[in-house]
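Please put together the full structure from these sequences, using the hints given.
From first to last, the protein sequence lines stand for chains A and B.
Residues in the first sequence are numbered consecutively from 7, following this note's numbering.
Residues in the second sequence are numbered consecutively from 2, following this note's numbering.
To be clear, the hints were calculated from the coordinates, so they are not data collected in a lab.
Quantities reported herein were computed from a predicted structural model and do not represent experimental measurements.
Built from N, CA and C at the ideal position, the CB exists for glycine as well.
Below, a list of computed lysine to any residue pairs in the SDA-like style, where the Cα atoms sit at most 20 Å apart: (1) A:42 / A:217; (2) A:147 / B:110; (3) A:126 / B:44; (4) A:147 / A:137; (5) A:147 / B:114; (6) B:196 / B:112; (7) A:29 / B:281; (8) A:225 / A:318; (9) B:114 / A:98; (10) A:42 / A:75; (11) B:114 / A:145; (12) A:299 / A:265; (13) B:49 / A:142.
Some chain B residues well away from chain A (every beta-carbon gap over 12 Å; in silico): (14) 59; (15) 60; (16) 68; (17) 76; (18) 79; (19) 100; (20) 143; (21) 148; (22) 154; (23) 156; (24) 157; (25) 204; (26) 216; (27) 219; (28) 226; (29) 269.
Here is what each chain is made of, one letter per residue.
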Amino acid sequence: MSDDKQTGDWAVEANGLVKVYGKERAVDGVDLRIRKGAVYGFLGPNGAGKTTTIRMLATLIRPDAGSARIFGHSLADEGAAIRSRISLTGQYASIDEDLTGMENLVLIARLMGYTTRQAKARASELLAAFGLENAAKRQVKKYSGGMRRRIDVAASIVVTPDLLFLDEPTTGLDPRSRNQVWDIIRTLVAAGTTVLLTTQYLEEADQLADRIAVIHQGKIIAEGTSSELKASVGSGTLNVQLLNSEDQLRATEILQNKLGVSVFVGSDSVSLSAQAKDASLVAEALGELARAKITVSDFSLGRPSLDEVFLTLTGQVVSEEPDAEEESS
Amino acid sequence: MTGQAKQNNSNHKEEQLLRAIASGNRPKPPNALSSTMAFAQRALLRIKHVPEQMFDVTVFPIIFLLMFTYLFGGAIAGSTGEYLQFLLPGILVMTVAQITMYTGIDLNNDIRKGIFDRFRTLPIWLPSALVGALLVDVIRYSLASAIMIALGLALGFRPEGGVMGVLGAVLLILVFSFSLSWIWTALGLVVRSEKSLMMVSFMVLFPLTFVSNVFVDPATLPSWLRGFVEINPISILATAVRGLMHGNATWGEIAWVFVVSAILVILFAPLTMYLYRNKE
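Take a look at the structure:
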């Protein structure tokens, strides 16, 4: 990419981005480095500041403090240059629901600078590539959730962007549609587009992202590859199934003492889980349970999942419910 | 489908997608005219898909004209036929002025639905999104005017200014309405919900259209009210439109409409664009 200023390998470099809404620091000093061609995952619960950060990087809102460069272009002064390299697929359908799929893509293509004829050809090509050729003449409001998401992504790549922002691309989709969107993202990356995606699904970040930033209350609290993040929380999680729920209190106490961490009790009150720093402590803890005549029906020591990473980092359970009220301004 | 066929199919899809991605070269950004036309086309397509939105420029004017002619005609002018000569130009001004507020509501909807974000990340001349929509609104206003005038003629409206006078009057209304729309686009960017936007718009429009010379001769009003009526932009427009339709307009009356329109655009178009660019 010869027109880049001397930026080396970075698609995004952000330093100390801050956005304040009233008293709330929605984004509170975010630093970011995203390598060209990478998929970068922004992981966090609702209201963590993911959308606000993306909207700042996409030139939609001005940061209250901090600076950023997108392909070397300054966010503060070169908005137009940045807009010609990026594309944004927002959290809500960012197309006209009253128009058909075809009309929407033609509109975007014309706004990109295609002639009407080129725009129609491009729209047909994209509809076919996204498996929407049969829905071309249907109003988008009659599309299913998965189709809507696909037309949304299609609208974002009418001109293939160098950097694509995807804000919660699969929230609310069924597994099959989700997989389709994942395949599209993988194909885009294979073709050279850099992707910054936000998600509250840990599995999604794990599946797609080369690097992940865990964001919580406007701050990045951990950053790295998925394996680095997992390694940072120790050897894994000990899961213990008790035979009798009466033993739960005693068992919890024993595990807490032996492992030196807090123990989470499942809703069935017989499954306990705790982070384990090393495997020998786990053996001791299990021995102690046996000596206390607590019957364990099953146990396992698993590699930590990103869920557990999140739990360890924030001390909070990730909300799985998509919440439409996040940062909608 | 066999497993093999499925595999082939998915490979085929992926290739198709890769090809589509590879061929998404960036053309030269559109000039202001083509992006404005693209947005105008969007507005036309919306009319095609949501024809209900034409109610305000078809049914609304008919009801207004019938209602006010027969409600006030006898009381104010002694006869409905007489009153129509006075009322029609004014009620045309009032109806079109009230329809302009839907421009703000459409913009407000775009913002809340998210498509607005997409437009703002495109490399286009930013005002084209609004100008394109406003151009189609001008078509809507023309339709409303045509319907009202046709109905008026059927009811006994006889403009002495002839065809040219009527056309000139409609043209003047369109210029004014286009200018007035910028107030609603600015409001549409500030006000949070469609409901509150409707309320604010009505609060401005109701006094503006009723406390004017649309229905009554200002000479019958108390002097403090007459002062307001005489500087009310709606009165200024209604006077010029009435004059043109009846063939006795002065250049001064017409010039004032252009002055008022220019002031509206100079104040509210830059304000709208400032709000548009900096919307959070």
